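S.K.: Protein chains in written order, with our numbering: chain F, 265 to 488; chain Z, 106 to 639.
No lab work stands behind these hints: they were computed from the structure.
Within a straight-line C-alpha distance of at most 30 angstroms, the following computed DSSO-like cross-link-like pairs (lysine-lysine) qualify:
hint, chain 1, residue 1, chain 2, residue 2
1, F, K458, F, K446
2, Z, K118, F, K488
3, F, K382, Z, K508
4, Z, K589, F, K458
5, F, K478, Z, K311
6, Z, K311, F, K446
7, Z, K139, F, K478
8, Z, K596, F, K458
9, Z, K414, F, K472
10, F, K446, Z, K500
11, F, K488, F, K446
12, Z, K519, F, K382
13, F, K349, Z, K294
14, Z, K508, Z, K526
15, F, K446, Z, K246
16, Z, K139, F, K472
17, F, K458, Z, K594
18, Z, K294, Z, K519
19, Z, K526, F, K488
20, Z, K519, F, K276
21, Z, K508, F, K324
22, F, K382, F, K404
23, Z, K508, F, K332
Computed far set for chain F versus chain Z, every beta-carbon distance over 12 angstroms:
hint, residue
24, M268
25, T270
26, K277
27, I314
28, R316
29, G319
30, L323
31, T360
32, E361
33, A373
34, G376
35, K382
36, Q398
Bear in mind the structure is a predicted one, so any value in this text is a computation, not a measurement. Cβ atoms here follow ideal geometry from the backbone N, Cα and C, with glycine treated the same way.
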Amino acid sequence: MESMVTIYLFGKKYEVPENLTIMCAMEYCGYQLVRGCGCRNGFCGACATIYRIKGDRELKACLACQTKVQNDMYIATLPFFPLVKAVYDVEKIPTTEQVMMQLYPEIYACIGCNACTKACTQELNVMQYIAYAQRGEFEKCAEESFDCVMCGVCSSRCPAGISHPQVAMLARRITGKYLAPKTEHLEDRVREIKNGTFEELLSNLMQKPISEMKELYNNREIEK
Amino acid sequence: MYTNEKMLESIKKVEANRAANTVMEPARMTAEEKENVLATYHPDYKQSEFVTLQIGPNKGEKVPTELAAILQANSRINPADIDLSKVDYDVDVLVIGGGGAGSSAAIEAHEAGANVMIVTKLRIGDANTMMAEGGIQAADKPNDSPAIHYVDAFGGGHFAAKPELLYRLVNEAPEAIQWLNNLGVEFDKMPDGTMVTTHGGGTSRKRMHAAKDYSGAEIMRTLRDEVLNRGIPVVDFTAAIELILDENGRAAGAVLMNMETKELLIARAKTVIIATGGAGRMHYQGFPTSNHYGATADGLVLGYRAGAKLLYADTLQYHPTGAAYPQQIFGALVTEKVRSLGAKLVNVNGEVFMHPLETRDVCASSVIRECARGNGVETDQGLAVWLDTPMIEIKNGEGTIEKRIPAMMRMFGKYGIDIRKEPILIYPTLHYQNGGLDISADGMTTNVENLFVAGEAVGGIHGRNRLMGNSLLDIIVFGRSAGKNAAAKAKNVEIGALSLAHVDNFAREMAEAGIETDVVSPKLLPNYTNQKPI
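Excised from the complex, chain Z in its bound form (with noise of 0.2 angstroms):
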């Protein structure tokens, strides 16, 4: 319920331009207005916000600084004191993260014949994927195709994906929508079985696939359920780590952790494939996070402390439409396809200021600017523009809210907010993380042998920036991809003697560099407490 007299004074101005508003087209910036307001408003730009790594596969490079203090950390185990004979799970395939990337995997894994088992820090399903509501590309219309989509992704990424990858997103999409489907996943369709599509911000076709904006959760249920089905043993609230290479430097398992015991275990494995998702809960620049709770990076810490390779570490994605207010859901998702439906970005005076579906890095570069002009609304958090939601019902009928987002509605509702009637407040929200491990076209990583990645915590897919949809697809695309050949590669290995040496060399590294620090890592929970709340 809005109390507070300014914002039901902005409201007022909102309601109205509602009519003009929602018909009129804003015009799309130029390549160069958006450069400018990327360089100016986005926080990848901000310098003061990067430091260069000093030791390490990317030393010399600029990361956030946060990223920087958790990759250039202790490890939590003193390798001495790991007994590696002592092996507690040994399996062909060893799969580290139980998401959307994870579960896809261990599928396929399983499907090819692999021993493979799952370990997560939660639960399996707890993960990003759950919370993506918005939808997954794929270019499968008659007037659409991969090369399109193609294209629409690498300009999106500012030019910078590897073409090698985003190939196989794209070419490889229709297929896996069809795995889904063929799995049980209830897509949105017209009566005659023709898929329900929208646009996401930055697409030149309607391509986006949803269930309701439940796309995520419906997927990650459908394939947790799968994974329970096929007996794939999964080792919940136990986290990797550090992993564990052989006496040739090939991964060949993990250290593991029982989150609530501590107890400390290991498991040995031909292949091991990292798949555990992104960064939000880093809070990078002091931002707000749509992320699940244990997106702490850890792959990337546990890959960059064996040898892997990083690429794109420096950019982030800052979601343009997080919830603003009310308090309770500072930082949560507002859908992209809030703005797909047809509801558009307005300020403080009631002026819509761009148009809404612009990339993400510029909407959330130009939602920054607004408020830094003097155009946005003040909230106990900071301040905000209006996503005018009932437009939504103008352009498309009554009852298209409760049936095209029924999970916004309820969010808002729960606290007295009809997004039906009234408009929203939104303001950018750390999001995803565009950077990651650097893997060839297999997965596997450029530098360690026989360590696998997929999903969030891959750099170079999209690029330096992602367009709504792709990431839900990555994680189909890549995470079965990863399954498939890390089995592949598993029927050919013969496992070294296991060690630890990279970890006594990494901490010799920094000694040598002269860092100190009291930070272990990987970090794997966030610490709310006693804090002010997040």
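The shape of chain F in the complex, shown without the other chains (with noise of 0.2 angstroms):
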């Protein structure tokens, strides 16, 4: 026999399965889920939900797909929040905190409440990424950011507007494209195929009857 538990969606009490994930206790109550959901595996972001225990004065966030419910859980979605997503042509911007200036300057009204930390479904700390975008150290902002769903609560509860998600996306293609270390093994080998080097190579694999194939695979070399 189950365990119930009673929870609150957007206000109407509900019984589930106190196994459930919001997620499943949503549709176990009969919901078909349209919005909201995405792949139910805590990569996308697309369920960021609030929710308060009753009698409890925090409010707190999580992804609907990754967390349990529980007794007393006055739950309330998020299925989108209107971030600010500026404009830009990644070939040519500055790769200082003057890009931060120019597009996303509401950064700079960070007034250090912490708020953001707090309510991060993945448990980032989020107001250290933001202060690192301010003083244009990309790398750190990266580093600290990239576990990142962009699920956008974390701006919900800013009250200097900032866009935290959309900052860090920007920290992190700055420094994927312009301060991290080139490769040249790549480049080499980029080259290499446009200068034809493997042609011959591929079209006689391409050729060869499957007898001869499964020969050369079964004894092919694996590196240890």
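Two chains, two frames, a set of hints: combine them into the complex.
M.R.: Structure follows, in structure tokens:
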């Protein structure tokens, strides 16, 4: 016999098995989800949800697909939050803090309340990565924000109107494109391919009878 | 947290053998052993789960029962009710699907100067791409070459890949990595810029590039950002529910449906790209899935009804390591990278029963066999075996798990399981659609002109099984290629009168074959309401 708990979906009371995630509990109650449901695995940020346990003053945030229901849980999903996404040409942007001043000047209005960090569904240190972005320390910002699923809960709690996930997105692209070390072996290989280095090898393989390919495959040397 | 006594007892055996198991090198299976385990235990070989198609371009061929039910089903529209003269969107290139393939295609079509738009039934980025954890293959190291990559993939796919497609996959792989890197994707690198690469199941060289275990998410969010920067229109929460052809039988647009208001809209296009992804949410043979909520084989249905041929639609990939415990994450992906980093598969008695890096189909079959032999661990959902994650830290040093597979650590950590110290329970989960629409090397379907396909909806790139890291690769290589080619083709297209005659014809064929069904398709979303949660 499954134990049941009481939850309130948008204020309405339901009884659901205690083992369910919030997302499965909604479906158990009869919701056919269209919004607020994506990868169901904690990667896409579609199912941002805020909740409060009866009697507790603190408002908490989570991903509905990654969080178990609790007794007396008041649940409201946040399937969309209007983040500000600055449009830019990645080929032409500065790679210093100038870019933040131009595209996301509101980050300099951060009042240090740390509401973003407290709200993060991925338990990231959001305020810290915004501080890195302010100072143009994009590699640090990229590292600190790497696990961000862009659900937007941080921004919903921000008194300064910062769109934290978009700021981090910009910092990561700058890091990946400009600041991370260049990969010589990759550039060499692309050049070799453009020069047709492997054409003959490949066209030989493409024409080989299956029996020969089997022979090749079954006896190939595997790097330790 | 593990509380079940039998599990705890088994964990003790796993722990007792851990040191010895970590250093041992299990034997690889011979070709015969692989064939045997596949034939006996792989779900693709279970004849009772397949039926023969009675109509359409693949009439007479076998496909999974659940797929046949949506391929030979009723349209969501009655063509007589649709006014094709009232065009809501008129573009050069229509991309259906907002995952990695669709986004790459849109970026390249835009780069080529085409008027391109994306329609997607959920949001851009709601796709299996976002969930790909382990990595992306490319032969860019000095000890590797596209030819070696070709042999690995061709053999791993049981020598069934279309050579002209596989050639493009491996030969354009390094450039795909470079393209992503130039867009700002952060690959794991050494301080001197050398890519950190590992093995995947069935690879003979370490060519798996990664961005921690958020590889797909990192790629997808970057592509999405680029699509938005370019101002490419993205019509979200809008599904394509039928292709539109012109009077000459060439693809010329789609009937769209707003997922929330059910309003129907008409998109006219000179070329169409199907990039609708996979089918995990069809739950073939009752398997759980690692796939995205929208993975319901829509593109196969749209294409089939319009006359496009399928290739290898009878073959699915069951990822060997789906989470089997706790229940809340049943079926979720445990990335192959966990095994790449040194974790081995261990049975209830603490014994290593196979080499952890056999190809996925062999590995999944071997796990199913081990459970059938009575060596599985019982869970509420069935049977499972251990994946001994603490081995990773023994082999590579403390801190490796947090640095290289943080998403896995977080996923299990939420349920009180510290994968650095405790092993995890796994069982195969439905992961990938090996088959799909048949295309030629330029990405266009073999028998519907101006209809392109990219990504998981394509069949034939990998053959009858796919290696880890070749799917993130194919969405980029074939997504980009479809975008370029569809844009080029669009330059010389004069669209004839729009038509939905193929929908009527298909209904007639169904009636003539005596197929009566209440099923409407494409399915668009699974129905989990009031049911046993999956």
